[in-house]
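There are 2 protein chains.
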Amino acid sequence: MSPPLKIGICGLGTVGSGTFNLLHENADLLKARAGVSLDVVHVGARRDNPACDLSGAQVSRDIFAVAADPEVAVVVELIGGTTVARELVEAAIRAGKHVVTANKALIAEHGNALFALAVEHSVQLRYEAAIAGGIPIVKALREGLSGNRIEWLAGIINGTTNFILTEMRDKGRDFADVLAEAQALGYAEADPTFDVEGVDAAHKLVILASLAFGMPLKFESVYTEGITRLQPQDVAYAEELGYVIKHLGIARQTNQGVELRVHPTLIPRQRLLANVDGVRNAVLIEGNAVGPTLYCGAGAGDRPTASAVLADLVDLGRATGSADPSQLPALGVASGNLQDLPVLAMEDVESPWYLRMEARDKPGVMSGLTSLFSEQGISIEALIQKAPLEGQTLVSVIVVTNQARQGSVKDAVRAIEGLDSIDGDVTCIRVEQLDG
Amino acid sequence: MSPPLKIGICGLGTVGSGTFNLLHENADLLKARAGVSLDVVHVGARRDNPACDLSGAQVSRDIFAVAADPEVAVVVELIGGTTVARELVEAAIRAGKHVVTANKALIAEHGNALFALAVEHSVQLRYEAAIAGGIPIVKALREGLSGNRIEWLAGIINGTTNFILTEMRDKGRDFADVLAEAQALGYAEADPTFDVEGVDAAHKLVILASLAFGMPLKFESVYTEGITRLQPQDVAYAEELGYVIKHLGIARQTNQGVELRVHPTLIPRQRLLANVDGVRNAVLIEGNAVGPTLYCGAGAGDRPTASAVLADLVDLGRATGSADPSQLPALGVASGNLQDLPVLAMEDVESPWYLRMEARDKPGVMSGLTSLFSEQGISIEALIQKAPLEGQTLVSVIVVTNQARQGSVKDAVRAIEGLDSIDGDVTCIRVEQLDG
Ligand SMILES: NC(=O)c1ccc[n+]([C@@H]2O[C@H](COP(=O)([O-])OP(=O)(O)OC[C@H]3O[C@@H](n4cnc5c(N)ncnc54)[C@H](OP(=O)(O)O)[C@@H]3O)[C@@H](O)[C@H]2O)c1
Ligand SMILES: NC(=O)c1ccc[n+]([C@@H]2O[C@H](COP(=O)([O-])OP(=O)(O)OC[C@H]3O[C@@H](n4cnc5c(N)ncnc54)[C@H](OP(=O)(O)O)[C@@H]3O)[C@@H](O)[C@H]2O)c1
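Those sequence lines, one after another, are chains V and Z.
Residue numbering for the first sequence is 1 to 436, as defined by UniProt numbering.
Residue numbering for the second sequence is 1 to 436, as defined by UniProt numbering.
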């Protein structure tokens, strides 16, 4: 058997400690599968973690000592963020070490430069754990579906928002109320902005899109909308209409450009994706050969995320001695062959829409509405007027449109909001049929 | 760019023609991803297929000419069966060629010898297409989940039986009736025995189990039960109880041995797997790090199956120049390290059971039944006595047990069948909670 793969782990938080401990717990089978022993020889952590028995490994309080250690062959970056982590990854690559990371922010925002640096130094930069936790979705796109032109993909790629939406639907609760509980349960961070505003999902989406379409990472081009403004009544009306609201990352190849968008979305209840509840993640991918395939599992947590880190380490162990990175390009195609596809402007993105407006219950309202839609060339799939509540003069009117350009929908909405018979703003949520 | 990967395709039937045509349709992206051009230089087919334009490739009526062609680097075996296909694969390996196949029967029944031969000749024998069509499930188990001890897996791995069961449930139809339609629609073969008796699923299950547990293929040890005897009333009663009947392949690691079994199974309706309908396939895998992950998609068809063949070809293209097969062992661990795990006898397998019996509606029947169960140490989860139909003296009694040894259940069933108050045989179907 070949000499061990010598690993340095930086960061001993949730994922770092999970990885460290699983490397020991599953040591025998990892060795059998990798063909070499996976040995942690150096840990970089500002302080010990009581969950980890560090005897046997060298421990440095300065994580850069790990990147500089001549014995270390792979640096596992699990500190997070885009500042120190970036410096660490660059230092490790320059020192000729492979890097494994779970850091989606780092890859989404600085991946292009980091992948190029890795090629320059003939090392691999692996990031299976950065998207959808333990689901091997990077491998599925980069290798398992490599025979396909990927048409589109849609994913539940943030467990916190999916947990909140599931609770809102099942119990009719408010966003703020459920968020507070999610924080208490430890599903949501103390500062949940990245999750509920969709930034975390946008980080993951852009990586998925680059893998799927063979294009450079364009994080700045992702349209990002969170779930903070979602009302319980829309969740309930969606359900009445046969839909479930999910917070999706969607990427699609069209003749005009690539769609990159993260937003709440109504999807038909009978889709498997609509039934992925709680903190689970799932990604649905449409390929021109295979059709739709779905991948579902735990999108976060110490052990699921560590599972993905270990998969990258086993791959590196198996490839020991053939470390030419040109053989497995980070984004599936060699960086020189990535295509700089244009990103479609959101106003040109087409989808059906769910619109809710509060109307004064008087004659002519409906015909006024429908003529505004037809002026924009938008056809209506369903129009529902709810009965006014006791003592109320306003009634909710819900419109589901057919496929329509966002620009036209927004024009129609502006005109509707100008009507005397309409009170306040129109609530607008995209719909996707996801029917491959 | 390196020189092309030169491919020989043997067999131009459903999968062969799909593979040939997709290699052309997706040629540019395959080249970008593989880093080399994937060129079909030789086709072996007894006759032309009007769906394929063979100009540009050499065509031989004798498939063995492809295996002998010094120009060919990879032989793609798509003729099926375990006789000529076996000779062809052996000839190709002995000639120093990599082999890609979709042939589950061949791998399940002769894989141990073929993988050893491939190692001996330093070539790869790849078979992603052999299981679950286009779902990259081999890659998920062998690489994506390599950090996990796999506890169990359960899969819908035969599209024909899943289509039949879906129709039986949705429309209350008979097995024979739906089978005839599936044959007319082309979902089922003219001779559907391999599908409906579970042999095809057993072929796939044993490969999944070997990948999951790192053990040699033991096709002869798989317990195999088809769906031919399933009654519409059991499908309906299962539904009343909150279950769906699926034909599953199940593999599980226990302290006593490995379970390898294919049979109809009641699973809770709310599981995603219970909602995988029609010809789709899905595999649920429980790993000790990641927990449960699910993989779903098209399990058959020309293009989905070709998608998996192409993935193997792209992998081979990417690895050009590093063809040492020890780096990616066929079953995930090097053959010398496979563990010869014992297979658990079916009588020792534990699961809950669904039992239906026809009882004469008279006093004391129920207490007689329940005492027979408790004599065998079997506890009862639910017991339902249906109202007798107009003019009938027999009533259906349905029992769902808790976890019980199959041996004890069968003993109890024999005793029940001996009771005067019971008419005919007891219908016995296993239940799985699949709750990881
Ligand atoms: N948690 C998940 O479920 C999950 C899932 C997928 C991906 N990820 C990604 O995995 C990475 C790690 O996440 P995590 O949840 O494990 O975070 P965490 O629990 O906060 O752990 C981060 C660790 O990094 C250390 N660290 C941070 N900055 C450092 C610095 N400048 N120098 C030295 N050590 C430093 C921290 O040390 P101190 O304790 O001393 O501050 C801590 O041990 C992030 O990129 C995250 O996005 C996490
Ligand atoms: N169809 C699917 O959806 C699917 C899915 C997964 C895996 N697979 C597997 O893929 C393989 C191929 O299946 P398929 O559906 O493509 O079968 P198919 O349509 O029956 O095609 C088989 C092809 O092999 C040729 N062939 C058979 N025996 C031959 C021989 N002795 N010499 C030369 N040519 C021979 C046949 O030629 P003739 O036409 O001259 O007889 C035909 O072109 C099988 O192992 C199957 O289990 C199929």
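Hints in this document: simulated from the structure, not taken from any laboratory.
A hint or two may mislead.
Okay, the calculated bits of chain V under chain Z, using three or more residues with CB under 8 Å as the criterion [claimed, not checked]: (1) 27-33; (2) 92-106; (3) 146-158; (4) 184-194; (5) 272-281; (6) 289-299.
Keep in mind the model is a prediction, meaning the values are calculated, not measured.
Where is the CB? At the ideal position from N, CA and C, for every residue including glycine.
How the hints compare with the structure:
1. 27-33: holds (count 4)
2. 92-106: It is violated: at least three residues are needed, and the stretch 92-106 of chain V offers just 0 whose Cβ sits closer than 8 Å to chain Z.
3. 146-158: holds (count 4)
4. 184-194: Answer violated; 0 residues pass the 8 Å Cβ test.
5. 272-281: Contact hint for the stretch 272-281 of chain V vs chain Z: holds, 3 residues under 8 Å.
6. 289-299: holds (count 10)
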